[in-house]
Amino acid sequence: MLIGSSVLLGWHWPMMGLIIACCSLAYVGLTITLSLGYIAPSASLANSWDSRLGGALADAISCNAVVKGFATEQRENERLATVIAKWRRRMRRSWVRGAINGTTQGVTLLALRVAVICYALLLCSRRQATAGDIALVLTSFFVLQGYLRDVGMHVRNVQRSVNDMEELVYIQSQPLDIADCPEAKQIRITKGRIDFKNVHFHYGNDGLPLYRDFSVSIKAGERVGLVGPSGSGKTTFVKLIQRLYDVNGGRIQIDEQDISKVTQASLRSQIAIVQQECLLFHRSLAENIAYGQPGASQAEIEEAAQLASAHEFIARLPKGYGTLVGERGVKLSGGSASGWRSRVPSLRTRRS
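Residue numbers for the sequence shown, in numbering that gives the first Met the number 0: 0 to 351.
Just so you know, these hints were derived from the structure itself, not from any lab. Please note: incorrect hints may appear among the correct ones.
[Unchecked claim] For each label pair, taking beta carbons as the anchor points, the in silico distance ranges come out as:
hint : residue 1 : residue 2 : range
1    : I31       : D245      : 40 to 48 Å
2    : Q269      : N197      : 41 to 49 Å
3    : L17       : L167      : 29 to 37 Å
4    : P208      : A271      : 38 to 46 Å
5    : A110      : C62       : 28 to 36 Å
6    : G145      : D58       : 25 to 33 Å
7    : R92       : A64       : 30 to 38 Å
8    : R51       : M0        : 40 to 48 Å
9    : E221      : P174      : 18 to 26 Å
[What the hints assert, rightly or not] Computed list of lysine-lysine pairs in DSS-like fashion (alpha-carbon distance at most 27 Å, straight line):
hint : residue 1 : residue 2
10   : K184      : K238
11   : K260      : K233
12   : K190      : K238
13   : K218      : K238
14   : K196      : K218
15   : K190      : K85
Backbone N, C-alpha and C fix where the C-beta goes; we use that ideal spot for every residue, glycine too.
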């Protein structure tokens with residue numbers, strides 16, 4: 000439309016075509032420049048603080064019991080108020096810049112309209128254009144103006160979408176910490192013997208190794224207790240078996256299979272584990288119990304609950320095993336419910 004209108008009008012009135020072409024290109028350039036150099040930085044900052052606000056809210060709400068336990072409601076309110084104040088300033092600046100951008104685009108289109116109408120009237124006064132010519136010029140311009148307005152709207156929408164997706168794209172672009180090797184196979188557990196062979200491990204860039212040339216063998220069916228002070232590596236030992244971290248040296252084998260050479264999904268599906276902090280999904284009690292074995296029957300679910308000494312407690316609930324527990328189990332009351340949470344049911348640990 001821009002090229003066609005400029006050529007058509009420039010054919011009859013070169014100056015008119017030049018005015019429309021130059022002003023239209025200036026409008027598009029101004030729109031892109033404002034979006035990239037003026038709107039985008041403030042929008043990115045506003046989105047960043049929007050995420051921080053969400054994090055602050057989630058932090059305060061999920062740790063509500065701790066806040067109340069230490070009577071720090073006022074301190075948390077002040078902290079949240081500080082975050083909200085900064086978020087409000089960033090959002091307001093982004094909104095103001097967006098309004099300025101829209102106003103600038105509108106003024107630019109208005110200036111283009113005035114220039115076209117004034118030059119058309121000048122041509123008419125010099126008897127270089129008829130009333131029909133003026134109608135052609137104005138009709139062409141108003142059609143072109145609609146397209147230019149759409150260009151500005153699309154540029155703004157694309158930039159807004161880019162700003163909204165920046166954090167997600169950044170997260171998506173991060174390399175996997177633990178990835179399956181290209182030739183990874185399914186693990187096959189026959190007995191369950193675990194061997195740590197000359198394992199070296201340290202967290203991140205920490206120069207002090209947690210394990211140095213560590214070797215141990217756990218026979219199939221053997222029960223082992225890990226005892227030691229906090230930070231001595233008990234939890235890390237279990238996480239290394241799950242391959243939540245890769246060792247820095249040596250290898251870990253299960254039934255003589257190097258766990259770094261098998262798929263993580265097949266490895267972890269064979270491991271039964273009860274976490275230190277048992278988290279529950281906002282789903283029914285039955286779904287939570289059967290999480291590690293989705294196809295479990297109601298009888299198996301109830302059996303698992305009985306093994307966890309939770310069947311009687313669940314049976315007393317109005318909806319029984321269909322009761323929704325809320326995020327992280329917040330809808331479960333204390334007493335027997337909290338005790339049940341600490342012993343989370345057997346089917347969730349996937350009996351192997």
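Hint check:
With their beta carbons about 45 Å apart, I31 and D245 fall inside the hinted range of 40 to 48 Å. For the hinted restraint 41 to 49 Å between Q269 and N197, the CB-CB distance of approximately 24 Å leaves it violated. Between L17 and L167 the Cβ separation comes to about 45 Å, which falls outside the hinted range of 29 to 37 Å. Between P208 and A271, the C-beta spacing of about 29 Å breaks the proposed range 38 to 46 Å.
Range check, A110 to C62: about 56 Å between beta-carbon atoms, so the 28 to 36 Å window is missed. Our hint of 25 to 33 Å for G145 and D58 is violated, since their Cβ atoms are close to 48 Å apart. A hinted range of 30 to 38 Å for the beta carbons of R92 and A64 is consistent with their spacing of about 37 Å. Separated by about 44 Å at the C-beta atoms, R51 and M0 satisfy the suggested range of 40 to 48 Å.
At roughly 37 Å, the beta-carbon separation of E221 and P174 lies outside the given 18 to 26 Å, and the hint is violated. For the suggested pair K184 and K238, the alpha carbons sit about 20 Å apart, so the restraint of at most 27 Å is met. Between K260 and K233, the direct Cα distance comes to roughly 24 Å. Compliance with the 27 Å bound is thereby established for this hinted pair. Between the alpha carbons of K190 and K238 the distance comes to roughly 20 Å, so the proposed pair stays at or under 27 Å and holds.
Distance hint between K218 and K238 is fulfilled; the C-alpha atoms sit about 19 Å from each other, no more than 27 Å. Under the criterion of a C-alpha separation no larger than 27 Å, the hint pairing K196 with K218 is consistent with the structure, at around 14 Å. Among the hinted pairs, K190 with K85 is inconsistent with the structure: their alpha-carbon atoms are about 58 Å apart, more than 27 Å.
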